[in-house]
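Since chain A is already given, all that's left is putting chain B on it; use the hints.
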Amino acid sequence: MQNIIRLLQKFRIVLLFMLLQAICFIFIVGGANSFHRSSFASSSNRISGFIYSVTSDVSGYFHLEEENHQLIEENAKLKNQLVEHQIVVGVSFIKVNDTFYHQQYEFIPAKVINSSISNQQNFITINVGLEHKIEPNMAVVGTNGVIGRTIAVSTSFATVKPIINQNFQMTARHKNSKKFGKLIWSDDTYLTATVIDVPSSVKIDIGDLFETRGNDGLFPEGISIGVVKEVIPVEGETYQNVKLSLVEDFSSIYNVSVIKNIKGAEQLELEQKTEEEFGDESNN
Amino acid sequence: MNPIIRYIIKVVLLILVQVIVLKHLELGFANWWITPFIFIYLLIDLPVKFNPLYGMMIAGSLGFIIDIFYDTYGMHASAAIFLSFARYYFIPLILPRDGFDENSSATIRNLGFTKYLLYIFVLSFLYHLWFFMVEKFSFSSFPLRFSQALISSAVAVGLMLIIQYLYTKEVKR
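Protein chains in written order, with my numbering: chain A, 52 to 335; chain B, 8 to 180.
All clues stand as given, with none of them false.
Label-pair restraints from in silico Cβ distances: (1) A:T222 with B:F144: 22 to 30 Å; (2) A:K184 with B:F36: 33 to 41 Å; (3) B:G165 with A:V278: 33 to 41 Å; (4) A:E327 with B:I98: 57 to 65 Å.
None of these hints come from the bench; they were simulated from the model.
From the three backbone atoms N, C-alpha and C, an ideal C-beta is built for every residue, glycine too.
Bound-form chain A, shown alone:
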């Protein structure tokens, strides 16, 4: 017994080192694979959120011009889409406020108070939180297209995992053919992302658009993700990979919107129920 204690004492530094590293790695692996994180250990934490919102208030003045420009452009784009500004080409196209249309997505405006592009795992902090009805795992879009999804939310801040994070994944659809693949970010720069497993039967040209598919219950259908930069055929396989250049410039994002899917819970419930009831049968 005494020998064991003496041995423990002799190696106490190495043992403590290994114990602490084990705790750290449990955190690291757990954090990489989860959709939700505690806001206590994230930048949406009250103290770090406060510090970042103060610094972004100061540095925000230097970006005002650029920010204004972005907003004016987006305004112009939206004005062009207004029904009143388009010529009615046929009687059947007149749109009225009717009860057949329900609003499915709600946009909540937010400001980026902290972001990074220089890491393998980049994150963004935004200035909306629980008090603005933000939850973990909600879609975030910018003025041009997809940004990412929320993972940790505190009272008035939220942390967003953007496309440019090596643990980010979503489905991306080729706009022209409606065929889809998996969007990942590995060995990419902050300007690019990769879509893997696109069927090789699809003809993809450089300059084609990839957009959201709208199947995950988070992102509405048809939001731009990126433009094809390069098509990488895979030898002897039935799929191909595509390199996209992202439509959002992650080095200068200020205004974003968080999207709340009003029918999202309903979709999720139905999907879970289906899996519980019919999942077993398909296995047999």
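This is chain B only, laid out in the frame that chain A set:
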């Protein structure tokens, strides 16, 4: 001033510099970036014979605070604990045999410039390399991460030398 209060002031200042200034510098291009972490000066600067058990605990806590700001979830804590662990075995190799006050930290004045440079460079390089490897979580782009760690730690060492100079100037007065 009480050394503990002085240390806490240093902790607050260096962490603020790290997360407000250095985090948003983003020097570099494409997927190769210079990201110096100078908060490790707090660990390097502990007294040379500081109990390594407490040292690792302090390292873990400071790393965890940086993790909160960087959303890295345990990676900086892991690297900082590794730094403290390595420091304990590295210090005897670099210290003069005798005539060294055990309660003082290693400085340019009591180690000499070359030895001090070697001391902080090796430790901060180990820190950056460990962090980049854990962040990528694979050996796939090792040469890239290695060069990134080398340059980032060189920049960090430069900044830490500036801190060291400022600090010694203050003492002389």
